[in-house]
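Student: Chain residues, written in single-letter form:
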Amino acid sequence: MWTIFKKELKTYFLSPIGYIAIGIFMVMYSIFFYLTTISYGSVFMGDLYYATARYGLLLMVPLLTMRMFSEERKNGTEQLLLTSPRSVTSIVLGKFFAATAIIVISLVFSIIYAVIISFFGTVNIPTLLVTMLGFLLVAIASISIGMLASSITENQIISAIITIIVLVAPWFLVDMSTIFSSINLMDKFMSFPRGLISIADTVSLVSITVMCILITIILIKRRKAVK
Amino acid sequence: MIEVKNVTKKYGSTIAVNNISFEVKDGEVVGFLGPNGAGKSTTMNMITGFIEPTVGQIIVNGNDISKRPRKAKKEIGYMPEGVPLYYELTPREFVSYMAELKLVKRRDRKQEVEKVLDEVGLTDVQNKLIRNLSRGYKQRVSLAGALVGNPDVIILDEPTVGLDPKQITEIRSLIKELGKKHTVILSSHILSEVSQICERVIIINKGNIIAIDTPENLEKSTKEKNGISLIVEDPKDNMKNLKEKIKEIDTIEFVKDNEDGTKQYIITYSAEVDLRKKLFEILPKEEIVIFELKKTETTLEDAFIKLIDTSKIDESNKKTKKEEKNKENKEAKKAKNNKKEEKNNVDNI
Numbered sequence: 000m001w002t003i004f005k006k007e008l009k010t011y012f013l014s015p016i017g018y019i020a021i022g023i024f025m026v027m028y029s030i031f032f033y034l035t036t037i038s039y040g041s042v043f044m045g046d047l048y049y050a051t052a053r054y055g056l057l058l059m060v061p062l063l064t065m066r067m068f069s070e071e072r073k074n075g076t077e078q079l080l081l082t083s084p085r086s087v088t089s090i091v092l093g094k095f096f097a098a099t100a101i102i103v104i105s106l107v108f109s110i111i112y113a114v115i116i117s118f119f120g121t122v123n124i125p126t127l128l129v130t131m132l133g134f135l136l137v138a139i140a141s142i143s144i145g146m147l148a149s150s151i152t153e154n155q156i157i158s159a160i161i162t163i164i165v166l167v168a169p170w171f172l173v174d175m176s177t178i179f180s181s182i183n184l185m186d187k188f189m190s191f192p193r194g195l196i197s198i199a200d201t202v203s204l205v206s207i208t209v210m211c212i213l214i215t216i217i218l219i220k221r222r223k224a225v226k
Numbered sequence: 000m001i002e003v004k005n006v007t008k009k010y011g012s013t014i015a016v017n018n019i020s021f022e023v024k025d026g027e028v029v030g031f032l033g034p035n036g037a038g039k040s041t042t043m044n045m046i047t048g049f050i051e052p053t054v055g056q057i058i059v060n061g062n063d064i065s066k067r068p069r070k071a072k073k074e075i076g077y078m079p080e081g082v083p084l085y086y087e088l089t090p091r092e093f094v095s096y097m098a099e100l101k102l103v104k105r106r107d108r109k110q111e112v113e114k115v116l117d118e119v120g121l122t123d124v125q126n127k128l129i130r131n132l133s134r135g136y137k138q139r140v141s142l143a144g145a146l147v148g149n150p151d152v153i154i155l156d157e158p159t160v161g162l163d164p165k166q167i168t169e170i171r172s173l174i175k176e177l178g179k180k181h182t183v184i185l186s187s188h189i190l191s192e193v194s195q196i197c198e199r200v201i202i203i204n205k206g207n208i209i210a211i212d213t214p215e216n217l218e219k220s221t222k223e224k225n226g227i228s229l230i231v232e233d234p235k236d237n238m239k240n241l242k243e244k245i246k247e248i249d250t251i252e253f254v255k256d257n258e259d260g261t262k263q264y265i266i267t268y269s270a271e272v273d274l275r276k277k278l279f280e281i282l283p284k285e286e287i288v289i290f291e292l293k294k295t296e297t298t299l300e301d302a303f304i305k306l307i308d309t310s311k312i313d314e315s316n317k318k319t320k321k322e323e324k325n326k327e328n329k330e331a332k333k334a335k336n337n338k339k340e341e342k343n344n345v346d347n348i
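Taken in order, these protein sequences are the chains called A and B. Just so we're aligned, residue 0 is where the first sequence starts under numbering that gives the first Met the number 0, counting upward by one. Just so we're aligned, residue 0 is where the second sequence starts under numbering that gives the first Met the number 0, counting upward by one.
Some hints here could point you the wrong way.
Straight-line Cα separation of at most 25 angstroms, BS3-like style, residue types lysine-lysine; simulated pairs [unchecked claim]:
| id | chain 1 | residue 1 | chain 2 | residue 2 |
| --- | --- | --- | --- | --- |
| 1 | A | Lys220 | B | Lys66 |
| 2 | B | Lys175 | B | Lys242 |
| 3 | B | Lys9 | A | Lys220 |
| 4 | B | Lys262 | B | Lys246 |
| 5 | B | Lys9 | A | Lys73 |
| 6 | A | Lys73 | B | Lys127 |
| 7 | B | Lys137 | A | Lys5 |
| 8 | A | Lys5 | B | Lys127 |
| 9 | B | Lys242 | B | Lys277 |
| 10 | B | Lys4 | A | Lys220 |
| 11 | A | Lys220 | B | Lys70 |
Listed below are several chain A residues computed to face chain B (Cβ distance under 8 angstroms; list not exhaustive) [to be verified]:
| id | residue |
| --- | --- |
| 12 | Lys6 |
| 13 | Leu13 |
| 14 | Leu79 |
| 15 | Leu81 |
| 16 | Thr82 |
| 17 | Ser83 |
| 18 | Arg85 |
| 19 | Thr88 |
| 20 | Ser89 |
| 21 | Thr201 |
| 22 | Lys223 |
| 23 | Ala224 |
Because the hints were derived from the structure by calculation, they are not lab data. Computed from a predicted model, the values in this text were never measured in an experiment. Idealized CB from N, CA, C, for every residue including glycine.
Could you build the full structure based on these sequences and the hints that come with them?
Tutor: Right, here's the structure in full:
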């Protein structure tokens with residue numbers, strides 16, 4: 000897993016995708032920093048992370064996940080991975096954690112703004128950390144969905160579009176029926192900015208992630224038999 | 000050692016590989032030969048564990064590839080068709096990534112990468128991006144990826160496609176060198192290549208193995224008749240009567256008139272005796288001047304084409320038999336229906 004993680008992370012920065020993803024995060028985060036924290040004149044950063052998660056991740060995640068398996072499949076490099084002694088699980092997890100690492104790097108950069116605010120007031124650090132944890136959980140759930148989308152098609156664009164649709168559709172579907180709120184990742188993020196770690200939300204975000212990772216592994220293994 | 004036992008691969012209803020079995024011994028260089036779409040790559044992909052056979056078993060050095068993939072795959076170095084590579088890496092980075100993937104120990108890794116880069120002649124370009132390398136170098140990078148980690152078995156899918164003649168000879172001699180220490184399986188549709196490099200040839204067509212033998216034996220076994228190619232000056236056109244003079248001759252086939260007034264013939268004969276000596280003695284007496292006389296040799300090319308043709312004929316025979324059977328069945332049904340109708344009519348009346 001470590002081998003694949005290292006190589007994937009390196010590839011993110013060899014191709015500009017890693018920089019672009021972090022750049023998108025910083026731009027979104029800065030815009031919302033102005034629109035929420037600065038314009039309200041408050042030290043509360045919850046809205047800032049909520050808005051960034053809602054709109055920033057929507058662009059970042061497809062960018063990070065669309066090439067994961069689609070590109071390997073299209074270029075045939077998938078053969079190199081799947082004929083190596085590494086297990087499918089370690090390949091999938093390596094790729095998953097590499098994308099997660101980009102999100103973690105972005106979150107580390109976001110601390111700069113907390114430092115700036117601390118010059119003008121007191122930042123509630125535990126709340127901030129809980130918010131960041133929530134952001135990370137939403138991010139890994141989105142990444143796992145994107146990864147699953149990438150494993151079912153060899154076209155990167157299609158993979159990105161599937162990811163965006165799956166992430167955005169629940170926003171509107173909630174108006175049709177409240178059942179859809181259970182698959183709306185943003186609903187599960189609500190309690191974190193208030194400094195609360197909701198067990199229900201944490202468990203459901205983690206289980207979405209685990210489920211998507213498992214399905215990805217099963218799909219890739221299954222394709223060996225079908226292909 | 001690789002054992003392939005009764006392996007079949009189906010894609011839906013089409014059969015890509017049909018119940019094939021063969022063995023490759025340690026240190027052997029075996030060539031897979033067949034026209035496009037014969038099932039060469041499918042078979043190789045199954046041996047490397049990239050796809051799973053629908054039925055059958057593949058055992059690499061005593062480990063079943065589906066049951067103990069980690070152990071089996073560790074023994075295999077694979078160069079897939081179409082040279083898939085990570086273009087954003089340099090050859091050195093790529094080879095060391097492949098070494099890591101293949102569980103080469105950390106302390107040996109650097110030395111191993113160095114060795115392999117040197118072996119395939121990539122030292123000069125090791126720090127350029129693979130994207131910018133020429134086709135020949137890309138091929139070598141892919142080969143280096145297969146070699147790293149010193150696997151027992153090396154599987155090369157069309158290793159010389161798209162290379163210039165100089166590069167081809169280089170890669171071939173490299174493969175020959177590899178054959179001394181490793182078991183090598185390579186696929187190709189270039190026949191001369193296979194007969195040069197391989198000790199044994201597996202000819203495969205439409206998913207079936209048609210022949211497994213040494214290149215020499217294949218050439219011998221498909222040779223039916225002895226032939227002599229002859230270029231002569233024959234002003235009196237005495238060649239026609241030659242058949243009466245030499246009884247052993249089966250046919251005399253006129254090939255063409257040359258510009259310098261000579262004529263080319265091909266003489267075939269089934270007898271075991273060598274006719275060349277007799278021709279030398281008799282032709283001058285008939286006032287025929289020999290310009291050139293040589294034995295025609297069957298090459299692996301002929302053997303290949305012949306084997307594939309015979310397999311086609313077999314198949315079409317099967318098909319026609321099937322069709323006939325179908326026809327018979329249909330006619331029988333028709334007759335039955337007619338009878339029924341007649342009966343109904345009778346009942347109605």
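Student: So, for every hint listed, does it hold in this structure?
Tutor: Against the structure, the hints:
no., hint, in the structure
1, A:Lys220 to B:Lys66, "13 angstroms, holds"
2, B:Lys175 to B:Lys242, "47 angstroms, violated"
3, B:Lys9 to A:Lys220, "17 angstroms, holds"
4, B:Lys262 to B:Lys246, "22 angstroms, holds"
5, B:Lys9 to A:Lys73, "22 angstroms, holds"
6, A:Lys73 to B:Lys127, "23 angstroms, holds"
7, B:Lys137 to A:Lys5, "23 angstroms, holds"
8, A:Lys5 to B:Lys127, "20 angstroms, holds"
9, B:Lys242 to B:Lys277, "12 angstroms, holds"
10, B:Lys4 to A:Lys220, "22 angstroms, holds"
11, A:Lys220 to B:Lys70, "18 angstroms, holds"
12, Lys6, "5 angstroms, holds"
13, Leu13, "4 angstroms, holds"
14, Leu79, "6 angstroms, holds"
15, Leu81, "5 angstroms, holds"
16, Thr82, "4 angstroms, holds"
17, Ser83, "4 angstroms, holds"
18, Arg85, "6 angstroms, holds"
19, Thr88, "12 angstroms, violated"
20, Ser89, "10 angstroms, violated"
21, Thr201, "34 angstroms, violated"
22, Lys223, "5 angstroms, holds"
23, Ala224, "5 angstroms, holds"
Against the hints set out earlier in the document, violations occur for numbers 2, 19, 20, 21.
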